[in-house]
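J.: Okay, here's what each chain looks like letter by letter:
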Amino acid sequence: MNPAFKAAVLGPTRVGKTTLLTAILDETKQMLAGTGVIISLDERTQRRVRTHRQEMQQALLQREFNAYALAGTQDEAYYHVSLQSVADEDVRIPFSILDYPGKWLDPDFLDTVADGKRKWRECEEHIKASVMLLVPIDASILMEAETPPQRGAVPGLLQFGDVEEVARKWASTRNLAEHHHEPAVLVLAPLKCEKYFDDNGGWGRDADELRKRVAEWYGPMLDIVRGEATQRDIKIIYAPIDTYGVVELMEADWPRESDGRLGFRAHYRIRGDKTTPSVKAAGAVMTALCQCVVDGWAVAEGRVLAARQHDYARLVARDRERKGFWGTIGYYVSGESARNAADQGKTAMEITQIEQRQQQVRKSVEALAATAYDPRVEPWS
Amino acid sequence: MTAPAYLMTRGRPRENRYDYQFIGAVPPARWWDAVTKHVQTTQREIVVARHEGGVGVYVTGVPSERRDAGGTPIRYTLVLDDLRDDPVLLQRIAALAWSADGYERLGEQLDKEFDADRIDAIIRGDEPAEDVPARTAAMLDSALEPAASLGDDPAGSWVGGVKDRDARRAFLARVTRLAAAEAEGWAFTSQAFGTLRGAHEAAADLRAPVAIMLLDPDGTSSIQEIAPGKGPALVKERRSRIPLIVGLSLAAVALILAIVWIMRSSA
Chain S
1 MNPAFKAAVL
11 GPTRVGKTTL
21 LTAILDETKQ
31 MLAGTGVIIS
41 LDERTQRRVR
51 THRQEMQQAL
61 LQREFNAYAL
71 AGTQDEAYYH
81 VSLQSVADED
91 VRIPFSILDY
101 PGKWLDPDFL
111 DTVADGKRKW
121 RECEEHIKAS
131 VMLLVPIDAS
141 ILMEAETPPQ
151 RGAVPGLLQF
161 GDVEEVARKW
171 ASTRNLAEHH
181 HEPAVLVLAP
191 LKCEKYFDDN
201 GGWGRDADEL
211 RKRVAEWYGP
221 MLDIVRGEAT
231 QRDIKIIYAP
241 IDTYGVVELM
251 EADWPRESDG
261 RLGFRAHYRI
271 RGDKTTPSVK
281 AAGAVMTALC
291 QCVVDGWAVA
301 EGRVLAARQH
311 DYARLVARDR
321 ERKGFWGTIG
331 YYVSGESARN
341 AADQGKTAME
351 ITQIEQRQQQ
361 VRKSVEALAA
371 TAYDPRVEPW
381 S
Chain U
1 MTAPAYLMTR
11 GRPRENRYDY
21 QFIGAVPPAR
31 WWDAVTKHVQ
41 TTQREIVVAR
51 HEGGVGVYVT
61 GVPSERRDAG
71 GTPIRYTLVL
81 DDLRDDPVLL
91 QRIAALAWSA
101 DGYERLGEQL
111 DKEFDADRID
121 AIIRGDEPAE
131 DVPARTAAML
141 DSALEPAASL
151 GDDPAGSWVG
161 GVKDRDARRA
171 FLARVTRLAA
181 AEAEGWAFTS
191 QAFGTLRGAH
201 EAAADLRAPV
211 AIMLLDPDGT
221 SSIQEIAPGK
231 GPALVKERRS
241 RIPLIVGLSL
251 AAVALILAIV
261 WIMRSSA
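Those sequence lines, one after another, are chains S and U.
Going left to right, the first sequence walks through residues 1 to 381 as the numbering used here numbers them.
Going left to right, the second sequence walks through residues 1 to 267 as the numbering used here numbers them.
The set of hints was computed from the structure by calculation and includes no laboratory data.
Each residue gets a CB set at the ideal place from its N, CA and C atoms; glycine is no exception.
Some hints here could point you the wrong way.
[Claimed, not checked] To give an idea of the chain S side of the interface with chain U (calculated C-beta under 10 Å), a few residues:
no., residue
1, T13
2, R14
3, D42
4, E43
5, R44
6, R47
7, T51
8, R53
9, E76
10, K103
11, P155
12, Q159
13, G161
14, S258
15, F264
16, G330
Model the full assembly from the supplied sequences, consistent with the hints where possible.
T.: Next up, the structure:
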């Protein structure tokens, strides 16, 4: 089995990280229909997604929708997901996607949590090893901030400082020579943006304004990432996503919190009598991830293949080398000859399997990677 | 005297400093951490384990009537670090696993004991909180149902479903045996998985005897043994073949010398 491709979500608390992951998995399932590839979740991931989907459903059924009412994440969670061949379940590409409580980004908060720093260090290691960094953005905070005090509250609410710091570490790790052969993709994913688009049941005409504000507010983070990645390219994708689709922001409040800072509350209504989400553009994330795989997988598999070929060549050379009279007796009598023959057979079989897997999965993943992005989605570099 | 009960919850304001944290006192060690990947910490789950400090119980997903400023329901988590001296209380807490009413009642009692304003004030640092663990422990007695009868606890690791009476009674027996140092390892509920395979994975990961109560089992609920997982393939210790080679070589030399001697003798 290949090691899993890692991806991580980097966003503040209550932005909707878990909802985003659920939407990505749901839309990917639809995109893969009829391709001969399925998305397979391990049991724990499957249960986590199911629980979250039930909570989303309940939230929609309550009619007075509250996007912030879902239970937040209390501990880190790894979503173990594979793209798997229908014909052969051993043919699969595994992904490991990290979700964690957004407040862990805040070093002051970590000081109050027993063992918080140790757990965050583990998360950081995963983030740094990730080929994709997914940055969910609460679009309603960006778009509804109109007055100077509201605009002044945006960096704190979206934890720009903390997000930038983690993005910097990710980019600098991706820049190391040992990671040059791996892909690096940063996805900016505005969420809760149903109100601003007219392509998923709404009448919004603010797509350009949203793009402009994301570019403006997240420009410094992109500059940091580009500045750190001096030796390589980092692909940047802008993907505004509807995780619910059937809700629409009606009113935004900016109440003064107990510490004197402005908070943000959003009130949503459900469009019509919809009770199931209508996800939009979430599949772009998996498409981008598959493009990473196409770029990086051949290299990873190639390394395994090269190692096996080297093993095979070594075994054959040992078998054929001149060993002399006593050496030959020792070679046969000690059992090395039998072991060598068995190892040759095993290694040859592994080489064949790797080559077959390369052909089968590559074909399928390439098809997914070639899927056109939703028109909302734009590559920014 | 009952062991202190550490209480984790959050305040109503949305700022990070009001987020989930232990109030009043923090358990000296997070002994339950190893199992959190095998449970859903935001749901109803109970974990009992022997650890360096004794036999602890971790109860999570206890509902509160409180909502945070964004409308999100707030939960409680309780940790009692050592109940070796009070196995009956441990059994009563463990029995919450199959009592949604008991969970609700515990949440109501906690809400009554610590009202929303007080919790916010404690987190702000405006009110003393040293008495929180003692008060939490003291109110437990009135919130829990009487102890249920125990069953047979199969040795080693096993998994059972919450709907199976024998499994429930075995689970209580296991936590009692953990408290009495007659068993090692973990007893915990799980909503994170519902299959025997999931249980095997958890047992292999924890590397200790486990008794797992599935709260949402896929398929049968009756107790099933979790055989020790397939560890790394055993490598048979290979005996050195050097004596054999030396012996055979000497025999070959002797044979050659013998042939040479016979040929010379016959010549």
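J.: Taking the hints in turn, state whether each one holds.
T.: Comparing the hints with the structure gives:
The closest approach between the C-beta of S:T13 and any C-beta of chain U is roughly 7 Å, which is under the 10 Å cut-off, so the hint is satisfied. Because the beta carbon of S:R14 sits about 7 Å from the nearest beta carbon in chain U, less than 10 Å, this interface hint is met. At its closest, the beta carbon of S:D42 sits 9 Å from a beta carbon of chain U; the interface hint therefore holds under the 10 Å criterion. Checking S:E43 against chain U by beta carbon gives a least distance of about 5 Å; that is within 10 Å, so the hint holds.
At about 5 Å, the closest approach between the beta carbon of S:R44 and any beta carbon in chain U falls short of 10 Å, and the interface hint on this residue holds. Interface restraint check for S:R47: the shortest CB-CB distance to chain U comes to about 6 Å, inside 10 Å, so the restraint holds. Here the hint on S:T51 is kept, as its CB sits about 7 Å from the closest CB of chain U, short of 10 Å. Because the smallest distance between the Cβ of S:R53 and any Cβ of chain U comes to about 14 Å, over 10 Å, the interface hint for this residue is violated.
Interface restraint check: S:E76 against chain U, minimum CB-CB distance 9 Å, threshold 10 Å, status holds. Annotation: S:K103 was flagged as interfacial toward chain U, and the flag holds, the nearest CB pair being 5 Å apart, inside 10 Å. Residue-level restraint check for S:P155 is violated (minimum Cβ-Cβ distance to chain U is 14 Å; threshold 10 Å). Contact between S:Q159 and chain U, as hinted, is supported at the beta carbon level, the nearest pair being about 9 Å apart and thus within 10 Å.
The criterion of a C-beta within 10 Å of any C-beta in chain U is not met by S:G161, whose closest approach is roughly 13 Å, and the hint is violated. With a cut of 10 Å, the hint placing S:S258 at the interface with chain U holds, because the nearest CB-to-CB distance is about 5 Å. A cut of 10 Å between beta carbons decides the hint on S:F264: the least distance to chain U is about 8 Å, and the hint holds. Below 10 Å, beta-carbon pairs count as interface contacts, and S:G330 has one with chain U at about 6 Å; its hint therefore holds.
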